[in-house]
Amino acid sequence: MHALIIDDSRAMRSILRRIVTDLGYDTTEAEHGQAALDHLEAGLVPDLCLIDWNMPVMDGYQFVQRVRDDARWRDVTLMMVTTESEHGQIVRALAAGAHEYVIKPFTPDAIVDKLELLGLLVAEVPA
Amino acid sequence: MSIAESSFRYVADLVRRETSMLYEPGKEYLVEARLLPLAREAGDSDVDVYVSRLMSDAAERRKAIDALTINETSWFRDNAPYQAFTEVLLPRAIAANQATRRISIWSAACSSGQEAYSLSMLLDQHLPLGWTAEILATDVSTAMLERVKAGRYSQVEMNRGLPATHLVRYFSRVGSEWEVSADLRRIVTTQHLNLATTFPPLPTFDIVFLRNVLIYFDLDTKRDILRRVHARVAPHGSLLLGSSETTLDLTDSWEREAVGRVQVHRPVQPAGAFGLAAPTRAAV
Numbered sequence: 024m025h026a027l028i029i030d031d032s033r034a035m036r037s038i039l040r041r042i043v044t045d046l047g048y049d050t051t052e053a054e055h056g057q058a059a060l061d062h063l064e065a066g067l068v069p070d071l072c073l074i075d076w077n078m079p080v081m082d083g084y085q086f087v088q089r090v091r092d093d094a095r096w097r098d099v100t101l102m103m104v105t106t107e108s109e110h111g112q113i114v115r116a117l118a119a120g121a122h123e124y125v126i127k128p129f130t131p132d133a134i135v136d137k138l139e140l141l142g143l144l145v146a147e148v149p150a
Numbered sequence: 002m003s004i005a006e007s008s009f010r011y012v013a014d015l016v017r018r019e020t021s022m023l024y025e026p027g028k029e030y031l032v033e034a035r036l037l038p039l040a041r042e043a044g045d046s047d048v049d050v051y052v053s054r055l056m057s058d059a060a061e062r063r064k065a066i067d068a069l070t071i072n073e074t075s076w077f078r079d080n081a082p083y084q085a086f087t088e089v090l091l092p093r094a095i096a097a098n099q100a101t102r103r104i105s106i107w108s109a110a111c112s113s114g115q116e117a118y119s120l121s122m123l124l125d126q127h128l129p130l131g132w133t134a135e136i137l138a139t140d141v142s143t144a145m146l147e148r149v150k151a152g153r154y155s156q157v158e159m160n161r162g163l164p165a166t167h168l169v170r171y172f173s174r175v176g177s178e179w180e181v182s183a184d185l186r187r188i189v190t191t192q193h194l195n196l197a198t199t200f201p202p203l204p205t206f207d208i209v210f211l212r213n214v215l216i217y218f219d220l221d222t223k224r225d226i227l228r229r230v231h232a233r234v235a236p237h238g239s240l241l242l243g244s245s246e247t248t249l250d251l252t253d254s255w256e257r258e259a260v261g262r263v264q265v266h267r268p269v270q271p272a273g274a275f276g277l278a279a280p281t282r283a284a285v
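Top to bottom, those sequences are chains G and V. The first sequence maps to residues 24 to 150 in our numbering. The second sequence maps to residues 2 to 285 in our numbering.
Hints may contain errors.
Unchecked claim - Quick look at which bits of chain V chain G covers, simulated, 3 or more residues with Cβ under 8 Å:
1. 154–163
2. 166–172
Said to hold, decoys possible - Listed next, with one range per pair, are the computed distances between beta-carbon atoms:
3. K28/V / M24/G: 33 to 41 Å
4. S182/V / M24/G: 53 to 61 Å
5. H110/G / V50/V: 38 to 46 Å
6. E139/G / K28/V: 25 to 33 Å
7. R18/V / R95/G: 47 to 55 Å
8. Q99/V / A94/G: 42 to 50 Å
9. G142/G / P129/V: 54 to 62 Å
10. Q270/V / R97/G: 48 to 56 Å
11. E64/G / S182/V: 41 to 49 Å
12. R97/G / D125/V: 29 to 37 Å
13. R33/G / A59/V: 16 to 24 Å
Unchecked claim - If we take Cβ atoms under 8 Å as the criterion, some of the chain G residues that face chain V in the derived model are:
14. Q57
15. W96
16. D98
17. E109
18. H110
19. V114
20. L117
21. E123
22. I126
23. P128
24. F129
25. D132
26. A133
27. D136
28. L140
Don't read these hints as lab results, they were simulated from the structure. Each residue gets a CB set at the ideal place from its N, CA and C atoms; glycine is no exception.
For reference, chain G alone in the conformation it holds in the complex (with noise of 0.2 Å):
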């Protein structure tokens, strides 16, 4: 299983690292969603993405619709990870195809159980 975490703060691409990680997943980082774009263009296809939204270059929520628009991608799965928690806001990345949404702060329990409900926890996890 590969993640690809979308993160402007180093620390925060760090923490996600680490959570998912011990759930036995590989990861690439990016630092904003051009990169990440880039990337998937480069031929990476993961089976996670976690976005932030308010990043340089380009945000989260377009990274999103980018994704969304392309059928090369349609498998993987986009999971927010943001402190953006309007309602409205949740309801916009929803709607524009992402499948989960976690408000920062966070514990990394939230990303179990929310991977736990994709369907995305690694059965093995490697020691």
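For this one, chain G is given, so just place chain V on it according to the hints.
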């Protein structure tokens, strides 16, 4: 006794750095409550001494972070019991209650109410038109019951297992918290109840969720609780325990049935049991 401001600041920074979870000023009591057992275990005289230890002990830091980020209750906890509810238990109760068109559910030891409200969301989605439902949420803590009544949850709590589609459908933002919709709150009523002592008058339930609480009681009390719960479950009804809990070896008055990945416990009604059970029911 209270934690020093510098200790609290260190711990809050540590937890935010490692997990993104926020401990804001005002939560000192919580930090202290969660770290005190660890301080005692480490042989430290108080939490401030223990926090000094954390600054140079990485393994202890990990333990402290775990203790500070445990959140016991989540929405749709373990998932499988809720699948069993939707696919088998609720349809069974609907089939049995055609005359009354009413479903009665007990969320025992409800804590802050995520279980009761998770069930109310499923009822909203799966209960046939023209039917009514009641979920009785009981707990020994009156503070918890007040929380259930208020139906308000923090951002951190909202993240735990609640599908985003359910969040937008059933909750609205109130300041920094989320409030469950009035429609769902109408289904859930609260009552103070200590499982370990004689129950107050209770209705008969179609489905009882008594999850992850028997583990806190000794063997005799577990048996006694199961006996008294038995008297409150309809003959067609079902009891769900936590995944590590069972009626096996405790009592033969329940039979076990595998439903998906969970064990459902159904009350056994042996010949003559009604005659024997009646005085007990009156007593509880």
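Structure-based check of each hint:
Interface restraint, the region 154–163 of chain V with chain G: holds (6 residues with C-beta to C-beta distance below 8 Å; minimum three). With a cut-off of 8 Å between beta carbons, the region 166–172 of chain V has 4 residues touching chain G; three or more are needed, and the interface restraint holds. Restraint check, K28/V to M24/G: a C-beta distance of roughly 35 Å satisfies the suggested window 33 to 41 Å. At roughly 35 Å, the beta-carbon separation of S182/V and M24/G lies outside the given 53 to 61 Å, and the hint is violated.
Remark: the range hint 38 to 46 Å for H110/G to V50/V is upheld by a beta-carbon distance near 45 Å. The hint said 25 to 33 Å for the Cβ distance between E139/G and K28/V, and at roughly 28 Å that hint holds. Under the hint 47 to 55 Å, the C-beta atoms of R18/V and R95/G, about 37 Å apart, miss the expected range. The supplied range of 42 to 50 Å is met by Q99/V and A94/G, whose beta-carbon atoms lie about 48 Å from each other.
A hinted range of 54 to 62 Å for the beta carbons of G142/G and P129/V is inconsistent with their spacing of about 29 Å. In this structure, Q270/V and R97/G meet the distance hint of 48 to 56 Å, their C-beta atoms being roughly 53 Å apart. Between E64/G and S182/V the CB atoms are about 42 Å apart, so this pair conforms to the stated range of 41 to 49 Å. The supplied range of 29 to 37 Å is met by R97/G and D125/V, whose beta-carbon atoms lie about 30 Å from each other.
Checked against the hint of 16 to 24 Å, the C-beta distance between R33/G and A59/V comes to roughly 21 Å, which is consistent with it. Annotation: interface hint on Q57/G violated; nearest CB of chain V at approximately 24 Å, more than 8 Å. A cut of 8 Å between beta carbons decides the hint on W96/G: the least distance to chain V is about 20 Å, and the hint is violated. With 8 Å as the threshold, the beta carbon of D98/G stays out of range of chain V, its nearest partner Cβ sitting at about 19 Å, so the hint is violated.
Interface restraint check for E109/G: the shortest CB-CB distance to chain V comes to about 7 Å, inside 8 Å, so the restraint holds. For H110/G, the interface hint holds, the least distance from its beta-carbon to any beta-carbon of chain V being 5 Å, beneath 8 Å. Hint status for V114/G relative to chain V: holds, with the closest Cβ pair at about 5 Å, below 8 Å. At a threshold of 8 Å, the smallest CB-CB gap from L117/G to chain V is about 6 Å, leaving the interface hint in force.
Contact between E123/G and chain V, as hinted, is supported at the beta carbon level, the nearest pair being about 5 Å apart and thus within 8 Å. Interface restraint check for I126/G: the shortest CB-CB distance to chain V comes to about 5 Å, inside 8 Å, so the restraint holds. At its closest, the beta carbon of P128/G sits 5 Å from a beta carbon of chain V; the interface hint therefore holds under the 8 Å criterion. Evaluation of the F129/G hint against chain V yields a held restraint, the C-beta minimum of about 5 Å falling below 8 Å.
The criterion of a C-beta within 8 Å of any C-beta in chain V is met by D132/G, whose closest approach is roughly 6 Å, and the hint holds. Using the Cβ-Cβ criterion of 8 Å, the hint placing A133/G at the interface with chain V is satisfied: the shortest such distance is roughly 4 Å. Using the Cβ-Cβ criterion of 8 Å, the hint placing D136/G at the interface with chain V is satisfied: the shortest such distance is roughly 4 Å. Against a cut-off of 8 Å between C-beta atoms, the interface hint on L140/G holds, since the closest Cβ of chain V lies about 6 Å away.
Hints 4, 7, 9, 14, 15 and 16 from the earlier list are contradicted by this structure; the remaining hints agree with it.
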